[in-house]
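Undergrad: Listed below, chain by chain, are the residues.
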Amino acid sequence: MKASTLTMATLLAVASQSTLAAELEVEFTNLTKGLYFTPVLITAHDSEDKLFEVATEASTALQAMAEGGDISALVTQATASNSDVVENPAAGLLAPATSASAELMTTDGNEYLSLTAMLLPTNDGFVGLDSWKIPTEAGTYTVYLNGYDAGTEANNELVVEGSGAPGVLGIPAAPGGDAGTGGSGVIIADTNTMVHIHPGSLGDDELEAGNSDLDNTVHRWLNPVAKLTVTVK
Amino acid sequence: MSSTNHFKKSALVLMLAATLAACSDNDNNDSVPEVVDVVEPAPVMSEFTITFSNLTAGQPLSPLSVIAFETEAPWMFGTSASVGLEMLAESGANEEYLAFSSALASASAEGAITPGETTSVVITTEALETLNLSFAAMLGNTNDAFTGLSSVDVSSLAVGESISNTTFAYDAGTEANTETAETVPGPAAGGEGFNELRDDINDVITMHPGIVSNQDGLVTSALGADQKFDNPVSKIVVTRTQ
Numbered sequence: 001m002k003a004s005t006l007t008m009a010t011l012l013a014v015a016s017q018s019t020l021a022a023e024l025e026v027e028f029t030n031l032t033k034g035l036y037f038t039p040v041l042i043t044a045h046d047s048e049d050k051l052f053e054v055a056t057e058a059s060t061a062l063q064a065m066a067e068g069g070d071i072s073a074l075v076t077q078a079t080a081s082n083s084d085v086v087e088n089p090a091a092g093l094l095a096p097a098t099s100a101s102a103e104l105m106t107t108d109g110n111e112y113l114s115l116t117a118m119l120l121p122t123n124d125g126f127v128g129l130d131s132w133k134i135p136t137e138a139g140t141y142t143v144y145l146n147g148y149d150a151g152t153e154a155n156n157e158l159v160v161e162g163s164g165a166p167g168v169l170g171i172p173a174a175p176g177g178d179a180g181t182g183g184s185g186v187i188i189a190d191t192n193t194m195v196h197i198h199p200g201s202l203g204d205d206e207l208e209a210g211n212s213d214l215d216n217t218v219h220r221w222l223n224p225v226a227k228l229t230v231t232v233k
Numbered sequence: 234m235s236s237t238n239h240f241k242k243s244a245l246v247l248m249l250a251a252t253l254a255a256c257s258d259n260d261n262n263d264s265v266p267e268v269v270d271v272v273e274p275a276p277v278m279s280e281f282t283i284t285f286s287n288l289t290a291g292q293p294l295s296p297l298s299v300i301a302f303e304t305e306a307p308w309m310f311g312t313s314a315s316v317g318l319e320m321l322a323e324s325g326a327n328e329e330y331l332a333f334s335s336a337l338a339s340a341s342a343e344g345a346i347t348p349g350e351t352t353s354v355v356i357t358t359e360a361l362e363t364l365n366l367s368f369a370a371m372l373g374n375t376n377d378a379f380t381g382l383s384s385v386d387v388s389s390l391a392v393g394e395s396i397s398n399t400t401f402a403y404d405a406g407t408e409a410n411t412e413t414a415e416t417v418p419g420p421a422a423g424g425e426g427f428n429e430l431r432d433d434i435n436d437v438i439t440m441h442p443g444i445v446s447n448q449d450g451l452v453t454s455a456l457g458a459d460q461k462f463d464n465p466v467s468k469i470v471v472t473r474t475q
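These protein sequence lines map, in sequence, to chains D and X.
Residue 41 in the numbering used here sits at position 41 of the first sequence, with consecutive numbering throughout.
Numbering-wise, the numbering used here comes out as the position in the second sequence, counting from 1, plus 233.
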């Protein structure tokens, strides 16, 4: 009698482990020297409703985020699919070497964590996390994130006002105020039109000329570009 | 070794004393517990042997600095570099850095290591309940790049056990990444090392954006493609050896 009660309890515990809601504390840090992150979006979701997936075509919602930092369409999608959403925890841009944190209660079945934010100044670069399995054991976990290219816009590296709208070529802004002008445009073929690892910016050493409006000693980066610390309570 | 044995013996004496006291209490409440001299245990020392491997294609790494500490790390991501770290990251010289005021102990590897080379260094420190190690070494052919680990918790590392990590390249934030012959001290340039002027875009420790080089668009750079690097740049293995 005693043994079977124990067995039942164990079975229930094992069964519930994968679906039970979790209480998370997340801290997100911009590791780069010269890049700013647009409003960050973090979602907890099931195995289907991810924000993006490498080697697949970007959704129009992902494109709007990657080219202009607009997360509203991604938020609408995530909410409609019953994901748990943390929207814009930094309340605006996340500057180099700064962090934002948030608390997140996940609902039953939302076992994965995803994250996106556009990298500025880039054409369609973003920092991303795709479907990281939330550990069931309480503890603190660290994940390093890479820079991705949405594959939706050529990386011409020219700062153009209004180019944050999907399909408009250009970098919408350089928040550090350290970009140049008058570049002729980096000539680059948009060969990989799927979401892929960003090849990095080229930049140049001429403020008002050259190919790129970016500064090659300021706007380049190496992966990883961000750190996510997740505390499972 | 002798100090460890000494500690174990005195712990045993204390345990026996507790047992005897409990027994006598049960037998006769009037008896006076025997007084046992408590021997103060000598501090237990821990020894860590660290191996440090240079994984870069063309960056010499300055002598690895190791600092043992309890709570305050000698450097932290996102904060302003100390003058000691600035000197280390701009010139590779680590005397000032190793004199860190909150250090329990510090040690330096004997020399710089070339790409592909591995060196080792030993640090001995008191075995405190909270014990961390911090590491730093300059990437020689850069303005102020360094690699290392801000804090590795070795409190519960048993003798014979190891912790292995690869490391990122950080930018000390204390000198602009001009890559000029005048400002890069390494063999590829031969310029000035430490300069107290802080002229970087932001005076905080961040990840390093990498080398541009004169072959990739920075005409005034003294560096070529040979000096380019990507993460990770080194491997650090900590083994508790005592």
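Honestly, the hints are just simulated from the structure, not real lab data.
C-beta atoms are modelled at their ideal positions from N, C-alpha and C, and glycine is treated no differently.
Wrong hints could be hidden among the right ones.
Unchecked claim - Calculated Cβ distances over 12 Å to all of chain X for the following chain D residues:
(1) LEU20
(2) GLU87
(3) ALA189
(4) GLY200
(5) LEU202
Claimed, not checked - Simulated coverage check for chain X against chain D, where a stretch passes if three residues somewhere in it have a Cβ under 8 Å from a Cβ of chain D:
(6) 354-368
(7) 444-458
Undergrad: With reference to the structure, classify each hint as holding or not holding.
TA: Each hint tested on the structure:
no., hint, result
1, LEU20, "29 Å, holds"
2, GLU87, "24 Å, holds"
3, ALA189, "19 Å, holds"
4, GLY200, "8 Å, violated"
5, LEU202, "7 Å, violated"
6, 354-368, "violated (count 0)"
7, 444-458, "holds (count 6)"
Hint compliance for this structure: hints 4, 5 and 6 are broken, all remaining hints hold.
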